[in-house]
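Numbered by numbering that gives the first Met the number 0, the letters in the sequence shown go through residues 0 to 477 in order.
Read the hints as simulated data drawn from the structure, not as lab findings. Please note: incorrect hints may appear among the correct ones.
Claimed, not checked - Computed Cβ-Cβ distance ranges for the label pairs, DEER-style:
| no. | residue 1 | residue 2 | range |
| --- | --- | --- | --- |
| 1 | Leu443 | Phe335 | 20 to 30 Å |
| 2 | Asn205 | Val53 | 47 to 57 Å |
| 3 | Gly75 | Lys99 | 29 to 39 Å |
| 4 | Asp171 | Leu398 | 26 to 36 Å |
| 5 | Leu256 | Ile156 | 28 to 38 Å |
| 6 | Leu256 | Leu398 | 13 to 23 Å |
Stated by the list, open to error - For lysine-lysine, the following DSS-like pairs were computed, each having C-alpha atoms within a straight-line distance of at most 27 Å:
| no. | residue 1 | residue 2 |
| --- | --- | --- |
| 7 | Lys142 | Lys95 |
| 8 | Lys95 | Lys132 |
| 9 | Lys142 | Lys102 |
| 10 | Lys99 | Lys174 |
| 11 | Lys95 | Lys208 |
| 12 | Lys102 | Lys166 |
| 13 | Lys95 | Lys436 |
| 14 | Lys95 | Lys174 |
| 15 | Lys208 | Lys467 |
| 16 | Lys153 | Lys132 |
| 17 | Lys132 | Lys102 |
A virtual CB, placed ideally from N, CA and C, is assigned to each residue, including glycine.
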Amino acid sequence: MTSGDAAFYGAISFLTGVAAATIGANVYAYILILAVCLSAAAFRRKINIAVFCVVFFLFLFGAFHYHLYNNIEENGRNIVFDKPISFSGIVSAEPKPGEKFQKLELELLPPSAGSIVVLASLFPEINYGDVIKAEGVIESPSKKGSEPVAFFPKIEISERHRGFWLKEKLVDFKKSLIAQFETFLPSRSAALLGGLTFGWQGDFTNEFKQEMSLSGTTHLVALSGYNITILVLAVAAVFGYFFSRRITFYLAGLVILLFVLMVGAEASVLRAAIMGFLALLAKETGRLSNVRNAVALTAAIMVFTNPNMLFDIGFSLSFLSLLGIVYLEPAFKKLFRIYPEPSRRITDKAKGDFLSWRENGLTTLSAQLAVLPVLILNFGQFSLTSIAANILILELVPLTMLLGFLLAGVSSLFHYLGFLIALPVNILLQYQIYIIKLFSYLRLPLTTGFGSWVIIMAYYGILIIFAKHYYESTDKKV
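Could you build all of it, start to finish, from the sequences and the hints given here?
Listed below in structure tokens is the structure:
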């Protein structure tokens with residue numbers, strides 16, 4: 000066994016231990032299963048006994064770390080639950096406004112301690128870094144690892160600008176750019192452009208949110224690895240027409256960095272950006288065994304910092320979509336004979352393949368198949384026509400984002416030039432809005448079939464067999 004293989008299996012063992020503790024399973028049963036599997040692997044591949052012990056220890060450590068982390072977090076809280084109290088805290092993330100209320104993340108100040116979620120009315124307007132005083136009831140967490148919630152307490156802003164200064168500047172800059180969208184575009188077009196470029200959904204109506212949900216396009220504005228990965232690969236595909244392979248790789252990486260800075264560098268966005276970069280690296284190098292190790296180690300590091308992240312939907316979508324793109328897409332390319340040579344890279348485009356629509360289509364298909372059970376389990380249903388909706392929209396998203404940033408930047412300096420740029424941007428946005436609305440009606444819902452873990456494991460087993468058949472036929476190491 001190579002050092003890379005040892006690191007991979009160690010990371011997977013740690014994640015399995017955390018998963019066992021998270022779902023409340025009988026840890027001893029998982030230990031027994033792990034011991035049997037590793038013993039069989041050791042017998043077959045003659046694994047070094049020291050490696051076996053380390054991997055076995057990492058499984059135990061994963062389960063132990065989950066309980067230790069949550070116990071420390073709970074002991075660090077000083078919150079009176081389920082009683083009317085007065086409390087104060089700093090808004091630790093940019094508020095997420097809805098149509099009728101806003102969601103705040105609050106870091107409590109002494110004498111209280113800990114973090115909570117506050118659902119508040121839309122007024123007064125609250126910003127990142129504000130200190131608020133509140134009176135209300137903080138409800139105890141519904142489950143282990145979740146945040147306490149205060150519903151519509153009486154709020155007063157006592158101080159401003161207590162957050163990290165750079166983050167405050169970035170958030171303010173983003174708001175100023177979104178304001179430019181609202182100046183030059185119709186309300187729904189401006190709202191969609193704000194969502195595509197910055198993940199801002201504060202101007203979305205409930206009707207538009209419902210249409211995006213029904214059409215399966217909500218991920219486009221969710222800023223998870225699910226959409227950032229696809230968007231980065233689409234941007235790389237477009238750059239590949241004009242620049243060399245190396246320059247394209249660096250430009251796409253720069254796009255990721257700028258995107259993270261522009262949206263405020265939230266933890267979820269950083270995670271998504273890492274997933275996007277790994278997907279870009281995988282498609283550029285073609286060395287899937289190295290990517291496999293990088294994905295596993297990245298997941299293990301992220302889960303180590305917060306074990307409750309493992310079953311977070313954003314985390315699941317990020318990693319599953321990445322794995323789908325890395326492993327399923329090459330298999331689909333061979334199946335549909337898009338590229339005769341599997342080693343061809345993102346910048347080696349087929350002639351006549353405008354904006355690489357076939358590759359982007361398979362990227363979307365691979366990601367959607369990988370996250371299908373998660374979408375159904377969390378949202379109740381999945382529309383088979385959403386794959387077509389995503390292909391029709393994703394082709395134009397990179398260009399829309401590029402023109403959107405251009406509109407925001409140019410109009411800030413030369414106001415009247417903004418009207419010239421707004422015209423083509425609005426045409427693209429109106430097309431995407433039409434597709435979203437159309438496919439909210441043209442639906443083939445899939446609502447059942449993933450109600451048990453056995454079915455989910457069988458589903459992923461089929462995908463693994465499909466991918467494994469491709470790699471065996473091409474002599475690639477997975």
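Next on the checklist: Range first: 13 to 23 Å. Now tell me if the beta carbons of leucine 256 and leucine 398 are that far apart.
Outcome noted: Roughly 20 Å apart at Cβ, these two residues keep to the hinted range, so it holds.
Checklist entry - When you check the alpha-carbon spacing of lysine 95 and lysine 208, does it fall within 27 Å? => result 14 Å, holds
Checklist entry - Can the suggested window of 29 to 39 Å be confirmed for the beta-carbon pair glycine 75 and lysine 99? => result At 33 Å between Cβs, range holds.
Checklist entry - Has the given pair, lysine 142 with lysine 95, been kept, meaning a C-alpha gap of at most 27 Å? => result 23 Å, holds
Next on the checklist: Please check whether leucine 443 and phenylalanine 335 have a Cβ separation lying inside 20 to 30 Å.
Outcome noted: Holds: the Cβ-Cβ distance is about 21 Å, inside 20 to 30 Å.
Next on the checklist: For lysine 95 and lysine 132, compute the direct alpha-carbon distance and say whether it is at most 27 Å.
Outcome noted: Holds, because 19 Å separates the two Cα atoms, which is no more than 27 Å.
Checklist entry - Do the alpha carbons of lysine 99 and lysine 174 lie within 27 Å of each other, as the hint requires? => result 20 Å, holds
Next on the checklist: Range first: 28 to 38 Å. Now tell me if the beta carbons of leucine 256 and isoleucine 156 are that far apart.
Outcome noted: 33 Å, holds
Item to check | Restraint status (C-alpha distance of lysine 95 to lysine 436 at most 27 Å) | outcome: 24 Å, holds
Checklist entry - When you check the alpha-carbon spacing of lysine 153 and lysine 132, does it fall within 27 Å? => result Roughly 8 Å between the alpha carbons, so the hint for lysine 153 and lysine 132 holds.
Checklist entry - Is lysine 208 close enough to lysine 467, meaning Cα to Cα at most 27 Å? => result This hinted pair is violated, its Cα atoms lying about 38 Å apart.
Item to check | Satisfaction of hint between lysine 166 and lysine 102, Cα-Cα up to 27 Å | outcome: 18 Å, holds
Of the hints listed earlier, the one the structure fails to meet is number 15.
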